[in-house]
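In the numbering used here, the protein residues as written are 1 to 196.
Worth flagging that the hints you see were computed from the coordinates, not collected in a lab.
Misleading hints may appear alongside valid ones.
In silico DSS-like links for lysine-lysine, alpha-carbon gap of 30 Å or less [unchecked claim]:
(1) Lys-9 - Lys-134
(2) Lys-184 - Lys-13
(3) Lys-134 - Lys-47
(4) Lys-119 - Lys-184
(5) Lys-75 - Lys-119
(6) Lys-75 - Lys-184
(7) Lys-27 - Lys-184
(8) Lys-142 - Lys-187
(9) Lys-142 - Lys-75
(10) Lys-184 - Lys-134
(11) Lys-111 - Lys-27
(12) Lys-9 - Lys-166
(13) Lys-166 - Lys-187
(14) Lys-13 - Lys-142
Pair by pair, the computed Cβ-Cβ distance ranges are [claimed, not checked]:
(15) Asp-16 - Gly-158: 39 to 45 Å
(16) Tyr-180 - Phe-127: 39 to 45 Å
(17) Ser-44 - Arg-156: 17 to 23 Å
(18) Pro-54 - Ala-3: 46 to 52 Å
A quick note: this is a predicted structure, and the numbers were derived from the prediction, not measured.
Ideal placement from N, C-alpha and C gives every residue a C-beta, glycine not left out.
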Amino acid sequence: MDAYLEWGKSEGKYVDQHYSQYNAHLKNKIHALPVVELTPNLLSSLKAQLLKTPTGNTKPKKATGKSNTKTRKRKTLAGQTVNNIFSFMRSAINRAIATGMWSGVNPLSTKGGTWKMVKANNERLRFLTREEAKALLDDLEKRHPQLHDMALLSLRTGLRPTEIFKLRGQDVDANACGFYVIQKGGKWVFVEYWRI
Numbered sequence: 001m002d003a004y005l006e007w008g009k010s011e012g013k014y015v016d017q018h019y020s021q022y023n024a025h026l027k028n029k030i031h032a033l034p035v036v037e038l039t040p041n042l043l044s045s046l047k048a049q050l051l052k053t054p055t056g057n058t059k060p061k062k063a064t065g066k067s068n069t070k071t072r073k074r075k076t077l078a079g080q081t082v083n084n085i086f087s088f089m090r091s092a093i094n095r096a097i098a099t100g101m102w103s104g105v106n107p108l109s110t111k112g113g114t115w116k117m118v119k120a121n122n123e124r125l126r127f128l129t130r131e132e133a134k135a136l137l138d139d140l141e142k143r144h145p146q147l148h149d150m151a152l153l154s155l156r157t158g159l160r161p162t163e164i165f166k167l168r169g170q171d172v173d174a175n176a177c178g179f180y181v182i183q184k185g186g187k188w189v190f191v192e193y194w195r196i
């Protein structure tokens, strides 16, 4: 994992967040284990534990004394978060195999293996309404003009924050009325101004 993290950073890959999740939830349980000990039973057990793990800020609100106060259900890690952790581990093992640090079958491979990722429930996913987006942009314009511009660019183009953070002056092509961004996976894509 450490070798993969170092390599990922040197290659400009976005690995810090997934390593942080791995570090917070699995490192103390499996970091010292040899890859060969990552059995399907152990992985399934870890997956079940992660899906029951409470998220960071889950303290229930204090009762106000009103009789109709509802108690909040504690939130647990989202299925996609669990998938991100296991995807990070799978990538680290694939890298170890590619560089000869380890040989064997990746226990987290979903191709032909017994491992299954979490079926993510994205019901919570929702987008800002036009009114919410306008209120956000109005507030950001007063507080932080640069963040306003980045949020506007993201809202209008669908670009990820990491794609926006990597934009440089030389990525702009004024003649073609657009700019180039590096998408996830390192692919260069042209975004036209008219989308903005």
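Hints violated by the structure (listed by number, smallest first): 1, 3, 8, 9, 14, 15, 16, 17 and 18
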